[in-house]
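Going by my numbering, the sequence shown opens with residue 1, and the numbers climb by one from there.
Source of the hints: derived by calculation from the structure; they are not laboratory data.
Beta carbons are placed, not taken as given, at the ideal position from N, Cα and C, and that holds for glycine.
Be aware that a few hints might be false.
[Stated by the list, open to error] Quick list of the computed label-pair ranges, beta carbon to beta carbon:
| no. | residue 1 | residue 2 | range |
| --- | --- | --- | --- |
| 1 | P107 | L53 | 28 to 36 Å |
| 2 | D269 | E166 | 30 to 38 Å |
| 3 | A207 | A174 | 37 to 45 Å |
| 4 | A207 | E166 | 46 to 54 Å |
[Said to hold, decoys possible] Below 25 Å or equal to it, Euclidean Cα-Cα: the simulated SDA-like pairs (lysine to any residue) are:
| no. | residue 1 | residue 2 |
| --- | --- | --- |
| 5 | K9 | A67 |
| 6 | K273 | P243 |
| 7 | K291 | E224 |
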Amino acid sequence: MWNHPGVRKAAVDAAVILIAVLDVWLVIPEGAETYSVWLSAASCVALVARRWLPFTVVLLTFPGFIAGWAQLAAMIALGYLATRKQMHWQTWVGAGLVWLSRFVLWPLPDFVALTWREHALSAIYGVIVAGMPVAIGLLIGARQELAARLAELAASRDRERKLYAETVRADERARLAREMHDVVSHDITLIAMQAGALAAISPSGDAERTARTIRQLSTRTLEELRALVGVLRSGTEDDGPQPDLGDLSELIRAADVPVQLAVERVPEDLPPKVSAAAYRTVQECLTNVRKHAPGATAFVRLCGDQDGLSVEVRNDRPDEPQDGAEFPSGGYGLTGLAERARLLGGTFETTPTPDGGWRVAARYPVAF
1 MWNHPGVRKA AVDAAVILIA VLDVWLVIPE GAETYSVWLS AASCVALVAR RWLPFTVVLL
61 TFPGFIAGWA QLAAMIALGY LATRKQMHWQ TWVGAGLVWL SRFVLWPLPD FVALTWREHA
121 LSAIYGVIVA GMPVAIGLLI GARQELAARL AELAASRDRE RKLYAETVRA DERARLAREM
181 HDVVSHDITL IAMQAGALAA ISPSGDAERT ARTIRQLSTR TLEELRALVG VLRSGTEDDG
241 PQPDLGDLSE LIRAADVPVQ LAVERVPEDL PPKVSAAAYR TVQECLTNVR KHAPGATAFV
301 RLCGDQDGLS VEVRNDRPDE PQDGAEFPSG GYGLTGLAER ARLLGGTFET TPTPDGGWRV
361 AARYPVAF
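Construct the entire structure; sequences and hints are all you get.
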């Protein structure tokens with residue numbers, strides 16, 4: 001409760017008014033004039049508005065100081081005025097009024113009867129009484145300004161660090177784009193050309209169909225790669241054009257894997273990132289079935305509800321033994337899917353099945 005700004009301000013206001021009232025109550029003489037008592041009380045009460053009307057509060061405390069005993073109330077009001085206005089003319093006018101209140105002795109006939117030494121001492125004490133709250137207020141204001149400058153400097157340094165990090169990322173993305181274009185794109189283009197030549201040499205039969213499939217896959221991969229290179233060179237946070245569940249049927253036809261697809265209540269207005277993540281999940285799983293479980297059937301199930309989209313891909317035990325040539329694999333496919341699900345606020349898990357197969361389950365929230 002004490003950490004609430006409103007509670008702290010109320011506690012400070014109460015403490016300030018209490019101290020000002022005690023200052024008046026402890027020094028007020030017996031038989032004091034009634035108007036002096038009321039003016040002093042009004043000066044203490046006026047401190048409530050010192051945060052919003054600091055100069056007005058100084059003016060209101062002036063009568064209670066010059067004709068009463070509200071010296072501390074006037075000093076507090078002047079300190080708040082100096083803190084808010086700093087070197088503004090209102091600060092010096094308020095300081096002059098406080099000095100005058102300390103210099104002049106009320107009632108005026110008593111002031112006129114003072115000697116020159118007493119006048120000199122009153123003037124000196126008036127400088128102290130008026131100068132101390134002004135000095136404290138100026139120091140507090142300078143401290144606040146310094147804190148604001150330091151915060152601005154820290155924010156500027158953060159912006160510089162971010163700009164430097166963005167520059168480093170842009171250079172790295174440009175380097176990756178060059179490598180992908182010069183190496184990967186070149187090799188895929190050669191594969192597509194060789195597949196086209198093979199299809200021309202064998203115009204019929206399984207070899208021709210296989211070569212045509214290789215050429216189609218190479219061409220599609222090359223298009224996606226070039227789109228990705230464009231995104232890397234642009235330096236934007238967007239992932240570029242992404243496939244979605246609308247392309248799932250074409251993916252299944254070209255997967256060269258027996259697939260049983262079940263789609264349940266999948267909304268048509270899925271967020272693009274969720275649809276692309278579901279597509280990539282099925283794509284990676286079918287690739288793994290083709291590589292590591294030849295001959296096995298893949299069971300793909302998509303189920304949507306009001307909270308998200310669930311994707312499950314399961315395969316049986318492989319029916320065909322793997323040949324001696326293992327497909328190269330970096331082991332990052334499933335890791336990438338897990339990272340994609342985490343970034344979207346979803347879940348991802350992989351488990352073996354009792355019949356010797358494998359199961360991949362991912363869930364992506366619709367609202368993220």
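Going back to the hint list, which numbers does this structure go against? 5
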